[in-house]
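Colleague: Take a look at the letters that make up each chain.
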Amino acid sequence: MVLKNMKLALVFMFLLFGAMNVFAADNDAATARQIVEKFQADLIAVMKDGKALGYAGRYEKLKDPVSNSHELNKIARIVVGKEGEKLSEEQQQKLVDAFSKLSIASYAHNFKDYSGESFVFDSEEETTRGGVVVHSHFVIPDDKPVKFDYMLKEKGNSWRIINIIANGVSDLALKRSEYTTILQREGFDALIAKINEKIDNYSKQ
Amino acid sequence: MNKPHKRNRRIEMHHTFSGILIGVAITMGGCATTGTDIVEQQTIANKADPYEGFNRKMFVFNDSVDNYVAEPISNAYKWITPQFMQTGVFNFFNNLKNVNVVINDVLQAKFEQSAEDTGRLAINSTVGLGGLFDVAKHVGLEQNEEDFDQTLAVWGVPQGSYLVLPILGPSTARGIPGAVFDTAANPASYIGMPVQLVSMLNARASAEGSLKFIDEAALDPYVFTRESFLQWRNNLATDGNAEASSDVDSLEDEVLDGGKGAASRQDLSTNASNNAGFALRLDAEGKKFEQASHSFSSVAQSFDDTAKSFEDAGDKLDKLKKSKRRR
Chain R
284 MVLKNMKLAL VFMFLLFGAM NVFAADNDAA TARQIVEKFQ ADLIAVMKDG KALGYAGRYE
344 KLKDPVSNSH ELNKIARIVV GKEGEKLSEE QQQKLVDAFS KLSIASYAHN FKDYSGESFV
404 FDSEEETTRG GVVVHSHFVI PDDKPVKFDY MLKEKGNSWR IINIIANGVS DLALKRSEYT
464 TILQREGFDA LIAKINEKID NYSKQ
Chain X
37 MNKPHKRNRR IEMHHTFSGI LIGVAITMGG CATTGTDIVE QQTIANKADP YEGFNRKMFV
97 FNDSVDNYVA EPISNAYKWI TPQFMQTGVF NFFNNLKNVN VVINDVLQAK FEQSAEDTGR
157 LAINSTVGLG GLFDVAKHVG LEQNEEDFDQ TLAVWGVPQG SYLVLPILGP STARGIPGAV
217 FDTAANPASY IGMPVQLVSM LNARASAEGS LKFIDEAALD PYVFTRESFL QWRNNLATDG
277 NAEASSDVDS LEDEVLDGGK GAASRQDLST NASNNAGFAL RLDAEGKKFE QASHSFSSVA
337 QSFDDTAKSF EDAGDKLDKL KKSKRRR
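Residue numbers (the working numbering), protein chains in the order written: chain R, 284 to 488; chain X, 37 to 363.
Do not take every clue at face value.
[Unchecked claim] Pulled a few chain R residues facing chain X out of the computed Cβ check, cut under 7 angstroms: (1) 356; (2) 403; (3) 457; (4) 461; (5) 464; (6) 473; (7) 475; (8) 477.
In short, the hints are calculated from the structure, not lab data. Because the structure is a prediction, the values reported are computed rather than measured. The beta carbon of each residue, even a glycine, is placed where N, CA and C say it ideally should be.
I would like the entire structure built from these sequences, with the hints used as guidance.
Modeller: Structural data, given as structure tokens:
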């Protein structure tokens, strides 16, 4: 009897999941995993054409994929932490602009060519606060794979990347320490100057 | 190609015994000078780095040593040595390090992994011609990263403060006794001077990629190095299970939910916990020396903790074994 009940429950669950899957497929809202995989695919595509595109070409091609998958506004606000409260509206906007450019530029600089790399999806988990972590790894021929964990938050009916953890090193925490330190020690103008200098260096190489 | 992952892989190499020797003596001395009040703010901001003033000085010193001594020598080494020889040298020292890895596998009760690593050591020492060729990799035995610092972490010794050592580079209070044991357990330490010199050259040459990455990506190289070093060590000690993801929520709170209350509370508690050390930091110059001596006493504390944890190592291993079995 118990067994039969369990069977029924299982069948019911399968039906439910089936229905949910259909529902999800109907909706064009992308899941967290889809956002990450789309971005990774775009990145690999740019790497494959990397040499022909050159830095400027890669920057242009990555502009939309990065801005559409990353929550750059929020990331820029988080990395300045409490120091952000001291910034004026205008300064905040300036920061978001410079930060977004730097993010795209560093992708364009660091993913410049292709030698058989690929991203592999591992798993997906929900965090306590309604976020999702997509675990994946970057396979490099003849080298150790690199773990890439993407932390996403819901935005509207879609998801946006808010942090990337590469082999256990959190990009957000790293940047936050840097940015708040510079704001405390040297002030806002120095921070913007340093960001622009980095973008400049990236574009030259 | 110079992708972000190189950072981790390369920084890893740093930490091989002699890797830290020449260490992360990175670029840019521009941000060395600070006012007193700024330093105070800093110490509040960084719980893990109470000796920032001292550390930054060391960082700049190491950077000059690297620029004027280590980097030129390393570049010369890379210029005169063919790539296959560089790889051979890297493999040779890496293979010797596996003696240490096996010991630490056992001390952390990772018996399966210790069997694998023993196999790795055996294959590379024989078929791999004394470690010159990494044959084991092709058999599917990946290099594992274990050292005494991680063992101490597993045994519950706290990490302690971040310290930048002269010439040796970034470490922590716990990392120092760890490095002492690692050195003692590494056969390369007993071979003699010329070999050690080659080992140091090899370490600097292998670190080239990460140093270049830091140079390119870091807005503040000191902070960048500290954060990535601490996060990387933490990730190794927890075997990749560190909850880095949850940190986003607390960071977010502070900024987005107008979390002024939470933030200032945090400041208070940090402040209180830092109180003892904080008193030392009022005078900018005198402070450096005091920080140094203070940091030595925190290292001494770490040695004590280490000694204590060795005393009951047997118990700990038993416990670890049991908890493994339960899992």
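Colleague: Hint by hint, say whether it matches the structure.
Modeller: These are the hints, each one checked on the structure:
The interface hint given for residue 356 (chain R) is broken, as the beta carbon of that residue sits about 11 angstroms from the closest beta carbon of chain X, more than 7 angstroms. About 14 angstroms separates the beta-carbon of residue 403 (chain R) from the nearest beta-carbon of chain X, more than 7 angstroms, and the hint is not met. Look at residue 457 (chain R): its Cβ gets to within about 5 angstroms of chain X, closer than 7 angstroms, so that hint holds up. Hint on residue 461 (chain R) holds. Least Cβ distance to chain X is approximately 5 angstroms, under the 7 angstroms limit.
Proximity of residue 464 (chain R) to chain X holds as hinted, the smallest CB-CB distance being about 5 angstroms (cut-off 7 angstroms). For residue 473 (chain R), the shortest C-beta to C-beta distance to chain X is roughly 9 angstroms, which exceeds 7 angstroms, and the interface hint is violated. The restraint placing residue 475 (chain R) at the interface with chain X is violated, with a minimum CB-CB distance near 11 angstroms, outside the 7 angstroms limit. The beta carbon of residue 477 (chain R) is positioned within 7 angstroms of a beta carbon in chain X (closest approach about 5 angstroms), and the interface hint is therefore held.
Hint check: violations occur at hints 1, 2, 6 and 7; the rest are consistent with the structure.
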